[in-house]
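Between the sequences and the hints, there should be enough to build the whole structure, so can you do that?
For the record, the sequence lines run as chains X, L, U, W and P. All the letters of the first sequence, read from the start, carry residue numbers 1 to 239 under our numbering. All the letters of the second sequence, read from the start, carry residue numbers 1 to 84 under our numbering. All the letters of the third sequence, read from the start, carry residue numbers 1 to 111 under our numbering. All the letters of the fourth sequence, read from the start, carry residue numbers 1 to 513 under our numbering. All the letters of the fifth sequence, read from the start, carry residue numbers 1 to 511 under our numbering.
Don't read these hints as lab results, they were simulated from the structure. Hints are not guaranteed to be accurate.
[Claimed, not checked] Calculated cross-link-like contacts (lysine to aspartate or glutamate; reagent style EDC-like; alpha-carbon spacing at most 20 Å):
| hint | chain 1 | residue 1 | chain 2 | residue 2 |
| --- | --- | --- | --- | --- |
| 1 | X | Lys6 | U | Asp102 |
| 2 | W | Lys322 | W | Asp402 |
| 3 | X | Lys3 | W | Asp488 |
| 4 | W | Lys276 | W | Asp347 |
| 5 | W | Lys480 | U | Glu107 |
| 6 | W | Lys94 | P | Asp24 |
| 7 | U | Lys56 | X | Asp40 |
| 8 | W | Lys91 | P | Glu438 |
| 9 | X | Lys7 | W | Asp402 |
| 10 | U | Lys21 | W | Asp402 |
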Amino acid sequence: MHKYLKKTLVISVFILTAIALYENFLLVPEYTGLRTGVSDYIISSGLSDTGSLNLITAVLYDYRAFDSLGESTVIFGAVSGIVLILSRKMLPVSSRGLSFIVKRTFGLVTPFIALFSLYVITHGHLSPGGGFQGGVILAVISIIFSIVYGSAFDYRRYSPQVKTAMETMGAFTFLGLGVVGILMEGFFLKNLGFLTARTGTLISAGSIPYVNFGVGIKVGAGLAIIFYSMIQKTFKEDF
Amino acid sequence: MMTATVVLENLLLIFLVLCAVMSVRFEEELISIIFLSTFSIVLTALYLLHRAADVALAEAVIGAGLSTAIFMSAISQIRHGDSD
Amino acid sequence: MRNNFIFIILFMLGLYALIMKTNLIKNVIGLNIMEASIFFWVIAFSDVGGEVAIHKMGEEFSKFNDPVPQALTLTGIVIGASTAALLLTLIIELNQFTDTIDRDEIEGLNN
Amino acid sequence: MALLWQQFLASFSFESYFPLLAEVGVILTLITALAAWNYIKEYKFWYYILTLIYLISTVVVILTTDWFFFLFAWEMVTLTTTFLLAWSSWKLVKQYFVIQFTGSSILLFAALAANALGYTEIAAIDSVLLQFVLIIGMATKSGIFIFHFWLPPIHSEAPSPVSAILSGWVVKLGYIFLLKIIPIESGNTMLYLLGIAMVVYGGWQAVRSADLKIMLAYSTVSQLGFIALAIGTGGELAFLGAVLFIIAHGFAKTTLFITSGILQREYGSRVVYDFKGAIFKRPLTSLAVIISFLSLAGLVFSAGYNAKYLISSAQLPGLLTKVVFFGFALISAIYSLRILYWIFIVDEDYSNFADKLKKALNSYQIYSTDILAILFGTLGVLIVAFWPEMPGDMLEYLVDYDFNIIAGVRDSIIYILLAVYLIHNNAGFKVKVRDHLSLERYLRSALDFIFSMSRKNVKFDTDKIFETVFYNTIFNTSKKIHDFFYQDLTIQLLWIPVFLSILLLWQQIYSYF
Amino acid sequence: MMETRIILLIIVPLGTAFIIPFIDLINAKLRRFFVLLGISIQIFNLTSIVVQYFDQIRDGSLFLQYHLGGWQPPFGINLVMDNLSFLFIAIVTLSLLFIIIYSIGYVGHHEGKFYVLYFIIIAASNGAMLTGDLFNMYVFIELLTIASGALIAFQRSHPGSEAAIKYLFYNIIAGSLIFFGVLLTYFNLGTLTMADVANNFAALESGIQLFITAIFLTALLIKMGVFPFLFWLPKSYDSSPAPVTAVLSGVLSKIYLYLFIRLIWTVIGFETIVALNLNILLIDIALFSSFLGHVFALQANNIKRLLGYSSIGHIGMIFAVIMLNTEAGFYGGILHIIAHMFMKAGLFVACGYLLQYTVSNHYRDFKGVGLRDKPVFIAFIILLLSMIGMPPLLGFASKWFILMAFLEAQSYFGAFIVIFGSLTAVIYYLRYIAKGFEEVRLSEDDLKMEVFNQPLLSVLYREKIVTFITYAYTAVIIIFGFGFRFLNIPLRMSIESIMNVERYIELVLGG
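What follows is the structure, given as structure tokens:
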């Protein structure tokens with residue numbers, strides 16, 4: 001089809017879709033007036049049920065913990081897919097690090113980033129944040145290593161084998177807690193009652209902090225593997 | 001008179017759309033990715049305005065942090081054989 | 001109402017980048033913008049002017065925003081990021097063979 | 001599984017003449033199996049497995065009244081006969097399978113339409129339209145007039161025992177199915193007309209063919225015409241005539257095809273003119289040929305005569321039908337007697353007939369099983385000739401039915417005289433020997449005819465004709481449709497917003513139309 | 001009643017998927033042991049469910065639930081297994097079992113990663129069929145997309161990565177549409193559980209109903225590969241390895257069909273579809289897609305792409321029969337789903353074996369493939385015959401019931417499409433069967449090319465496994481061909497569980 005005919009066709013289709021969407025959006029009433037079934041229950045009895053102050057982590061890691069299990073498997077699947085596609089036979093040459101000043105400053109900064117990510121992971125149920133966000137920050141450390149100090153440095157510090165081990169460890173803690181839920185209290189991924197202490201303290205929300213920790217490790221290691229396999233300078237394979 | 005937050009929100013929304021348009025228009029991938037990261041940072045600010053702290057943190061870390069890193073590494077791998 | 005406009009504009013922009021642009025990286029960016037617009041709309045729509053859904057230690061219960069759509073968007077963002085990562089690796093892989101990421105030159109995509 | 005088995009057995013119906021027809025089918029298949037013993041050399045085991053499956057499915061086809069098992073068995077018949085053809089050439093298998101499959105798809109459609117309209121059992125259907133659809137459905141499978149184009153090429157090319165099965169019985173299953181479908185009192189006028197057309201066309205082509213197998217194939221078409229004619233007229237007598245005709249023609253045609261196999265191996269060619277001295281070389285085979293051809297011609301004291309007499313007596317009285325029927329009988333007489341004329345009469349010296357016969361009789365070691373098969377065949381023909389109500393009087397209606405032999409003798413003498421006169425002064429309808437019939441040649445002649453009108457002389461090489469013409473046209477059209485939809489990724493992805501907006505605005509769109 | 005074995009159906013494959021990279025670190029030899037362990041536990045689980053609830057399955061009152069995390073349905077996630085999902089899980093697990101044994105014999109390099117992704121697909125497919133929660137369904141659909149996207153690019157060849165990119169483009173858009181749809185239902189109805197949504201979906205105002213149904217329908221049609229969006233399907237079947245195509249065509253398309261039935265009949269309710277008068281549109285789209293699938297198959301010059309197009313044709317036909325919403329329609333549709341799953345998976349498995357030595361799977365390279373290994377080619381022909389619908393095989397029974405359904409519903413266009421489909425199928429299959437039997441005179445460099453072409457089956461015993469699985473599929477088709485009444489009870493019961501949605505809602509919410 002001729003270039004301009006195609007362009008006009010596309011533009012007209014977009015306008016048509018915009019109108020269609022606009023027509024239907026008019027019908028959706030404002031949210032305040034709508035029936036709020038599940039959210040009323042969660043807001044009112046979220047704290048007492050799960051013991052976690054942050055209701056979003058309560059939803060994520062207790063009410064709908066199965067979604068988060070599915071979610072972490074999505075990352076697990078993406079990681080193994082990416083490593084499968086980008087695995088190279090040859091040992092890649094290390095990417096050049098940045099200048100000396102950057103290396104020194106990051107030498108100082110990295111422990112604080114690690115501390116911050118651990119804070120975000122463990123305080124999932126008290127302050128905003130949780131397993132996923134903390135895990136990503138954890139991955140940022142490995143990304144910094146491979147950018148600033150060169151991927152060989154990152155290879156030496158946390159070799160992909162260590163990362164896969166960490167990832168599977170995280171996955172197993174999550175799955176293990178679920179299975180413990182079956183053994184102890186009859187339901188998969190049940191929030192284990194015996195672990196809850198006074199609300200507001202670090203280990204207050206039953207199994208949520210441990211699940212957070214497992215997911216954090218898993219997501220951190222997984223995304224580190226993704227970035228490591230994408231960053232390495234690659235040559236045309238020979239085999 | 002519209003309160004300060006509403007004005008801020010409208011401003012941010014305009015900035016949001018601007019970032020998206022710029023990111024799509026530019027031919028050079030590097031520029032569009034940088035605009036994409038600013039797009040997600042503005043989005044974090046908007047989420048904060050809408051009282052969604054967790055989502056804002058996630059968007060900041062994943063949208064601005066991780067996606068940009070992955071896009072950058074992808075561009076560095078791409079070998080432009082002939083075009084530009 | 002204003003949020004619906006923004007959603008439609010951003011969604012159309014993402015779709016435009018995905019469909020019209022011939023550069024594969026641009027398509028993935030378009031995809032990202034499309035998903036981000038959906039997440040933005042969800043959060044903007046579920047904002048009923050309440051507080052962040054976190055209980056303060058001291059004070060008693062006040063009006064919260066609905067935590068459920070926020071939790072779902074969180075999951076959505078992570079899924080969106082991992083799919084984008086997978087797509088980018090595939091583009092890198094394709095680039096190994098065709099040395100270009102222009103959609104018109106890779107005619108394999110058309111049939 | 002048990003449920004299925006009981007349902008399968010319950011669907012059998014054993015009343016009126018259908019068990020008899022099933023028995024005749026079984027006998028005919030055994031005869032052909034016997035004849036195939038030393039005709040088929042390699043993979044003999046697989047041949048008999050296929051014949052066994054064919055045997056079971058023919059019995060099921062004839063006896064069952066449930067649509068599903070009927071179609072299940074009939075398609076099994078097609079499947080087994082397709083693989084039986086593999087002993088001649090794969091090309092044949094392909095053509096036969098494609099044609100039979102289209103036929104069975106139409107039949108499937110017709111059967112399910114009948115089932116949906118309330119006829120859950122295979123019983124008399126009174127809506128004429130449904131009868132018409134069912135006739136079209138079974139047309140390709142059992143050679144109704146327009147759809148019989150595949151019958152001569154495939155039946156003449158197939159190995160002789162297989163073509164015996166095909167012509168002898170497989171083709172008749174459609175008519176047995178029609179016996180159940182067409183209500184006895186009303187009959188079906190379209191079938192009547194088609195029958196007439198088949199008789200005339202088959203007879204004319206049979207007379208014009210020099211190759212024995214091609215002649216036999218065309219004679220099958222004309223004999224099937226008679227059966228269609230009988231079923232078309234309707235009435236108790238006509239239906240019985242059709243049944244008798246099916247049995248008589250089954251026996252006769254099977255023996256004839258087996259004998260053609262023997263003669264082909266004996267003389268190394270299939271053309272009728274070089275079967276010289278057949279009576280002395282193969283006396284018993286020539287005896288079988290004579291008896292079967294007489295039955296085919298419908299002369300008196302033969303099986304064919306009884307059936308034809310039943311059918312003609314069932315016609316409505318009136319001079320026109322008498323004359324027309326006389327013409328039909330004459331046609332069948334001509335093409336059968338012509339073969340006898342060429343084999344046994346033309347420049348034969350029967351000087352010392354007796355001792356030559358004695359010498360020939362004692363040299364029978366080679367084809368023992370084939371001879372046995374033919375003897376059974378001729379025995380069958382003779383039984384039908386002298387006991388029209390069949391041993392154990394299954395057709396009890398015919399027990400005391402007088403076939404007024406005197407009128408029959410008079411007619412046959414007239415036929416013979418006329419046939420001899422016509423054959424004699426037309427020099428036996430001697431026709432140039434055409435090479436083997438094949439569907440490629442049909443398509444080629446059809447296309448030459450079309451292109452000759454358009455003055456664009458296009459050269460076809462015949463054996464690759466199906467690939468070049470038939471498939472390329474399909475390939476190009478589907479290629480064009482494919483390219484229309486598959487332009488490039490932008491258009492393909494564009495379908496998503498288009499479809500989304502159509503669905504979203506469906507309320508307005510629907511109210512608009 | 002509560003049943004922990006349902007959740008085990010999902011956790012066990014997930015656990016094996018997590019173990020395998022860990023085992024790879026220790027020593028790769030154990031990997032196959034864990035693979036077999038995982039799949040055998042899965043089979044054991046399913047058989048124990050069948051044994052325990054056999055009488056409930058027979059009289060159709062099977063209804064197992066599982067509340068995750070101990071929360072009652074409207075708040076937490078609940079898993080539901082009624083007759084329909086039980087039937088689908090049984091056939092999906094059986095087919096996956098065959099394919100995993102086949103892939104043990106077939107996959108050469110990167111075996112560890114293949115099994116991880118494969119077990120994730122098993123877990124996600126079981127999850128998608130069991131879940132009674134909309135967002136959980138979305139997560140499992142995304143899981144399926146990513147795992148199958150990565151598997152399509154398993155061979156890391158040029159066409160492979162193209163196919164994966166195109167596949168992912170389409171499916172990620174569909175995924176984000178489903179996310180949008182789920183969130184819309186949440187905002188309007190307040191709950192995410194399917195039963196609760198089904199309960200008061202009718203109360204919604206018709207404009208919003210149309211909005212939600214439109215979003216869900218577009219997403220599902222993209223996933224199923226129906227007319228406007230069938231462009232990604234043939235390419236992804238063409239360039240991915242045989243076990244992956246077997247999974248894609250045999251299993252994934254069936255899971256999306258199940259989700260379609262679950263969404264349209266249980267969640268949205270067919271009366272609303274009729275009220276929005278969408279059903280006529282959908283039947284026409286489905287039939288046109290089936291027509292297009294068969295027409296495109298005529299011009300396919302590549303055996304796997306041909307099977308892809310014919311798969312589009314058959315899925316379109318099933319989709320149309322189900323949309324008739326009659327008892328006979330469901331019977332024919334689900335029977336054809338079962339038949340099509342085994343036939344298509346068997347065909348791709350056989351293709352994988354037949355084409356392992358050819359340079360490409362183009363039409364001219366298919367020359368003489370049949371002569372090289374006759375028994376597998378005979379199995380291939382039997383499966384093709386069953387695709388056409390020849391009697392002794394299962395294809396005939398399902399074609400018969402589909403035609404009956406179409407004719408009883410007076411839609412003669414549908415019956416015509418079915419007949420047209422099987423006629424065109426004869427033409428394009430016969431072309432390949434003839435090509436398979438053509439003599440091929442192997443020249444010097446052909447032989448060298450074959451040796452150099454690293455056949456994946458290095459060890460002889462793996463060749464045995466591969467041929468064994470092809471015969472297993474053909475045996476299933478022939479056995480069920482004769483005994484298709486054997487499937488009668490589960491089919492009747494699953495139709496009954498589709499039809500009355502009230503029982504589903506009452507049991508989930510009331511229980």
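Hints and how they fare:
1. Lys6/X / Asp102/U: Within the cut-off at roughly 18 Å; holds.
2. Lys322/W / Asp402/W: holds, 19 Å
3. Lys3/X / Asp488/W: holds, 12 Å
4. Lys276/W / Asp347/W: holds, 9 Å
5. Lys480/W / Glu107/U: holds, 18 Å
6. Lys94/W / Asp24/P: It is violated: about 52 Å lies between the C-alpha atoms, which goes past 20 Å.
7. Lys56/U / Asp40/X: Since the Cα atoms of Lys56/U and Asp40/X sit roughly 18 Å apart, the hinted pair holds (cutoff 20 Å).
8. Lys91/W / Glu438/P: Roughly 12 Å separates the two Cα atoms, so the pair holds.
9. Lys7/X / Asp402/W: Not OK: Lys7/X and Asp402/W at ~88 Å, beyond 20 Å, violated.
10. Lys21/U / Asp402/W: Not satisfied, since the Cα-Cα distance of roughly 91 Å exceeds 20 Å.
Checked against the numbered hints given earlier, the structure breaks hints 6, 9, 10 and satisfies all the rest.
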